[in-house]
Structure formats: C-alpha cells, structure tokens
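Asks: Each chain is listed here by its residues.
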Amino acid sequence: MTPDTIDQIFVITKHWLLGYVPSALQPIVSAILSVVPILVLFPLLFAITTVLERKGLGRIQNRYGPNRVGPYGFSQPIADGIKSLTKEDVIPRSADQVVHFLAPLLLVLAAFLGYAILPIGRNMVITNLNAGLLYFFAIGSMVELAVFMAGWSSRSKYSLLGAMRAVAQMISYEIPLVLASVVIIMATGSLSTVAIVEQQAHYTYSLPHWFVFTPWGFAGFLAFMVAATAESNRSPFDLPEGESEIIAGYYIEYSGFKFALFFLGEYLGMFATSGLAITLFLGGWSAPFSFLTWVPSYLWFFAKLLVLICIFIWIRGTLPRLRQDQLMNLAWKFMLPMTLINIFTAALWHFMPAGILRWLACTALLVIPCIALSRGLKQGKKLQVRTYRFAE
Amino acid sequence: MSPLNGYLLLSALLFSIGLAGALTRRNAILVLIGIELMLNAANLNLIAFWRYGPNPAALTGIMFTIFSISVAAAEAAVGLGIILAVHRHTKTTDLDQMNSMKG
Amino acid sequence: MTVIFLILAAITIAGTAAAMSLRSAIHCILALTIGLVGLAALYLLLGAQFVGFTQILVYVGAVAILAVFAIMMTQGPGKTIQPILSTNWPAGILVAAAVFAILAWAIRSTPAHSTPTQPDATVNQIGAALMHHYVLPLEIMGLLLTAALIGAVIIAMPEKKEPQ
Chain U
0 MTPDTIDQIF
10 VITKHWLLGY
20 VPSALQPIVS
30 AILSVVPILV
40 LFPLLFAITT
50 VLERKGLGRI
60 QNRYGPNRVG
70 PYGFSQPIAD
80 GIKSLTKEDV
90 IPRSADQVVH
100 FLAPLLLVLA
110 AFLGYAILPI
120 GRNMVITNLN
130 AGLLYFFAIG
140 SMVELAVFMA
150 GWSSRSKYSL
160 LGAMRAVAQM
170 ISYEIPLVLA
180 SVVIIMATGS
190 LSTVAIVEQQ
200 AHYTYSLPHW
210 FVFTPWGFAG
220 FLAFMVAATA
230 ESNRSPFDLP
240 EGESEIIAGY
250 YIEYSGFKFA
260 LFFLGEYLGM
270 FATSGLAITL
280 FLGGWSAPFS
290 FLTWVPSYLW
300 FFAKLLVLIC
310 IFIWIRGTLP
320 RLRQDQLMNL
330 AWKFMLPMTL
340 INIFTAALWH
350 FMPAGILRWL
360 ACTALLVIPC
370 IALSRGLKQG
380 KKLQVRTYRF
390 AE
Chain D
0 MSPLNGYLLL
10 SALLFSIGLA
20 GALTRRNAIL
30 VLIGIELMLN
40 AANLNLIAFW
50 RYGPNPAALT
60 GIMFTIFSIS
70 VAAAEAAVGL
80 GIILAVHRHT
90 KTTDLDQMNS
100 MKG
Chain C
0 MTVIFLILAA
10 ITIAGTAAAM
20 SLRSAIHCIL
30 ALTIGLVGLA
40 ALYLLLGAQF
50 VGFTQILVYV
60 GAVAILAVFA
70 IMMTQGPGKT
80 IQPILSTNWP
90 AGILVAAAVF
100 AILAWAIRST
110 PAHSTPTQPD
120 ATVNQIGAAL
130 MHHYVLPLEI
140 MGLLLTAALI
150 GAVIIAMPEK
160 KEPQ
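Each protein sequence line maps, in turn, to chains U, D and C. Mapping the first sequence onto numbering that gives the first Met the number 0, position 221 (from 1) lands on 220, and the numbers just tick up by one. Mapping the second sequence onto numbering that gives the first Met the number 0, position 5 (from 1) lands on 4, and the numbers just tick up by one. Mapping the third sequence onto numbering that gives the first Met the number 0, position 65 (from 1) lands on 64, and the numbers just tick up by one.
Hints were generated in silico from the structure; no laboratory data involved. Among the hints, erroneous ones may be present.
Claimed, not checked - Subject to a maximum C-alpha distance of 20 Å in a straight line, what follows is the list of computed SDA-like cross-link-like pairs (lysine to any residue):
#1 D:90 x C:72
#2 D:90 x C:23
#3 D:90 x C:10
#4 D:90 x C:30
#5 D:90 x C:156
#6 U:156 x C:156
#7 D:90 x D:72
#8 C:159 x D:98
#9 D:101 x D:91
#10 U:156 x C:73
#11 C:159 x D:66
#12 U:156 x C:26
#13 D:90 x C:157
#14 D:90 x C:158
#15 U:156 x C:159
#16 C:159 x D:89
Keep in mind that this is a model prediction, so the values were computed, not measured.
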C-alpha cells in the first residue's frame, strides 16, 4: 500500500463500486456514493463536537464537563440524542404550523448543501463547480430566511425579537465574509475551490504556499473567522440566542427533535464555514511541510477542521458576549473598511516585485489602518472610568 | 414545440402571474413583489434566448441578466423604503385607502 | 420537453401562483422564495451557473429578507388586512389573461429553431467581459447601487421630531 493508494482509497473504492452498476444508473449511484459519506460523517463530527465543547468549556470555566455517561463522559451525545428524540414536541397553538415545521428543515438543508464544494481530499470533492464559492455564499444566505421563519412562526415576542436581531447580524456579517474571500479569488483567479486548493499545494524549501502565510491572507483569515463566528451565531456573537439575555431567542418555542435540528444546523454551518476557511486560507488538504505529504490528504483536512473547532470553543469560553450595537458597529465600521483595505493590499502584493519590501509595505498597509480605526472608533465613545459600588 | 418555445411560454406565464398579482392585491408590498416577479420572468426570457439564440459566445444574455438583477434589487430596496415611509405617515399599506393627495 | 424542465416549471409556477394568491403576506413571500429558487434551478439547467447562484444570493438572500422585514414592520405578527383583493380585481385578472394570451399566440406562431450546442460561460469569461466590454455599465451599476443605498436609508429614516 503506497501512500498514494491510501490517499486515494475512497476514490478507488468508489470507482470499483461503480463498476458493478449498469451504466444507465451510474450518475445517480455516483452522486449517492459521494453524498452519503458526508451525510454520515458530519453529523458524527457534530456529536463529537458537542461533547468536546461541553468538556472544553467546563475545563476553561474550572469545572469538569459531563463525565457520567460512558468513559469520561464521551458517550454524552447518545444520551442527548435519546433525550431530544423522545421529548414531547410542543407547538404553540397560535403558531403558524407549516412555517413552524419547515424552518428547521430549511436550516439543516442549507447547512448540508454547503458541503458540496468542499475538497476534503485530493480528488475528493462532491462537485467541482466553476462558480463554487458563489454557490457557497448563495446557500449561506438561505440560512437567514430559515432563521426568520423560525422566529416569526412562533408568534411570540421574544422569538420575533431574537429572529430580527439574528437576521440583522447575519446580513451585516455576510459582507465582510464575502469580501475576505474576494482577496483569495483575486489571488487565484478562479471561483472553483478545487483550483484554489491546487494553487496552495506547492512547497518552497518545504514551506507551503498557503495563503494564510501572506499579510493579506492572514488579515483575510482573521476577518473570515470573525465573520464566520458571527454568521453561525456563536459566542461572542450569540446575542440572538443568548441564554441569559433573550432565553434562546428565535428557537424558544421549539422543543424535542426540532430543537436538536436547529442545533445540528448551526453546528453544521460552523463546520462548513470552517471547511471553507481551510480551503481558502489554510491550503485545504495539503500538508504543512513537504516531508509530511505521505499522510493522506483527508486526514490533514480533518486535522485542520478539528483545530479550527477547538479555536471556536476556546473563543466561546473566553470572550464575553457583544451587545447588538457593538456587534453592528464592528461589522460596518471596522470590518468593512478593513476588508476593503485588505483587497487593496492584496492587489499591491500582486504588483510589487517579490522581496522584503513587499512584506513591509503590505504589513504596514494593514496594521496602520487597523490600529487607527480601532483607536478612532474608541474615541467616539466617551467611556467612563469604571467604578464599583459594593453593598455595605 | 422546441425547448426555446417552452421557456418563452413559461416566462410569459410567470409574467402574467406577476401582472395579475400587481394589479389585484391590496397590500403595497405584494404589488412590489409582483413587479419583481415580472422582472424575473424577463430575466428567464433573456437567459433562454442566450442559450438557444444565435451567438451565445458573446454572453450578452448573461450580462443583461446580471445588470437586470442588480437594478431589480436596488429598485426593491428603494420601493420598500418608500412603502415604509408612507406607512409611517398613513398607518396603512392598503392601496385602496391611499386614494387622496392630502396630508 | 425534458422531464426535469417540466418538474422545475411546475414548481416555479406553483410557487409564484401561491405568492400572488395567499392570504397572509409572509406566506406569499415564502412561496415567492420557492418560485425564485425554481427559477434559479432553471437558470442552472440552461447552463448559466453564475446567474443562477447570483439569483439565489440576491433575490432569496436579500430581496426576500427585505420584503419580510417590511411586512413585519408595517403589519406586526398575526394581523392580516381583511380583504386581500383590491376593489376592481376582475379587471386586473382580465388584463393579465389578455397579456398572456397575446404572448402565447406570439410564441406559438414563431417557428422552431435548431438548438445550438451548449455554450460555455465560465466565470472567467464573464469577468473578462465585465472588465473589458461592459466596464461602463458596471461602473454605472456601482453608482446606481450607491444611490439606491443612500436613498433607501434616507427615505426610510424616521424624521427627527423638532423640539417644541
């Protein structure tokens, strides 16, 4: 078994299985064989992530996470699954039945559709669309409609308020998300995710050509991760679903399996956006160093995905929640100008000759506006010195 | 009936559905949605002619459609803003009640 | 007429017909979303990938959300305007039917052409066309969108009450 065979084992298996199918049915069976592993693997990853998150958050907060079910609590997802499947499905009497039923379905559908263009390994992508990135952002914009449907159909003030906040937040952060990817599109000249990863899979002196190792790529990666956190309503941007603020916001009237579907949809969206960040900035399935290319490509993709998930969990446990106006200010007044400056910097990088001057100019062009913007935006608010009054 | 005729017929049907909605609904926002539907029917027409017409390599149909989508989005935004302003003034979106120039 | 075209056409017509005839305005917008996604699928069937995905991104992701926000702000949850059709609705239906009749007659009387091969519309070609041949409409579109953005914000902004 050469490393190449192990790398392409799934592709070879699929072709072997397709050999047994009559040629009229081959497109359908090929599509099913490509899609079913995704449908199985990512909910499994979701289950692992829920327990990882609860234990990770627990450790950050100086407590154990769940540790009763199974070895060290790692069978907790099974208990969670049984609970959500057997809980009574309470629907408010005045709720809009059809829309109430369809909202979680649309959310999970949109979340699953996003995986169609992610290259999980070498030659392992479900479809290599010519406009793959545009497809991903189009599907992502369907999630907002699902969130609104969920909030509106419950006919409850809290859920409507949560839905409006969530939709406003998601719309605002869609623009930095797309602009942060425009930099990559400029650099590679293609919207196809496979082409983007292929361009990053080269090595000079055993260091990879990942876009995150350039100034504009690093700034784009940071902007993309912040926008992705806001798009999936994760802390610190989870005001629409904050438990202490608005009592779970737009899915307050959902219980049982539909609640679990919302949870699933949100986490799947998080995985899909992380997968896209890996594809665009972190080199997709390519290894970090040229002497490590013997490890199969799909293992590298999932390793990077796990690292990003752990970073999401870490940020959730560390940073406090942002208020709605702070969130919107961040999107429109800070991230939008920064991503536009990033595009300009990437263009400058392209036209300057390679060397240390290029690095210095682009880094300065990114760092100075960042500091200036953040200082300038802080000046506008007259922040008082914090005084504490204790009950005496 | 060739495929092109099928697409043109579908586009004509969508256009007339949008026209019917724009002419018969009371809610101002739904009238605007009817107009959007008419624009979409025209876009379908353009893409069908790009695909089945002469010289598809010039990409004229696609370009026209991209600009049409952008203009439709801008017009929807401004139209909904106007409807919101009128609602703030007259407290209703019922078109049959907005029949006087007073106020 | 392939089967997939008929299925997509049925979905689109069902969605748009429901969009224009349902009682609750939000249901109309959600039905319209189904119709728009059906249209996007038709664009993909015709081979215009970029336009199909742009349609979903712009119409479903922006215009539909804008419309539901507007409905929510002008109506509030739960209440619907009681009569949904305006006072002279038979005339409207008649006009729409007449328009469809004329268009269908015109379409029926055109002779069928031969179908050219599937054209190739990669994003590269669209981008090149936008930057070379269509650069002037592109810039004007930017101006138009900026004007629409500023205009919509100013029109919909609540007026500041003058202090008495």
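Asks: All hints, please: hold or fail.
Replies: We went through each hint and held it up to the structure:
no.	hint	verdict
1	D:90 x C:72	11 Å, holds
2	D:90 x C:23	18 Å, holds
3	D:90 x C:10	36 Å, violated
4	D:90 x C:30	26 Å, violated
5	D:90 x C:156	16 Å, holds
6	U:156 x C:156	24 Å, violated
7	D:90 x D:72	25 Å, violated
8	C:159 x D:98	27 Å, violated
9	D:101 x D:91	15 Å, holds
10	U:156 x C:73	16 Å, holds
11	C:159 x D:66	36 Å, violated
12	U:156 x C:26	19 Å, holds
13	D:90 x C:157	14 Å, holds
14	D:90 x C:158	15 Å, holds
15	U:156 x C:159	27 Å, violated
16	C:159 x D:89	17 Å, holds
In terms of the numbered hints stated before, the structure departs from hints 3, 4, 6, 7, 8, 11, 15, listed from lowest to highest.
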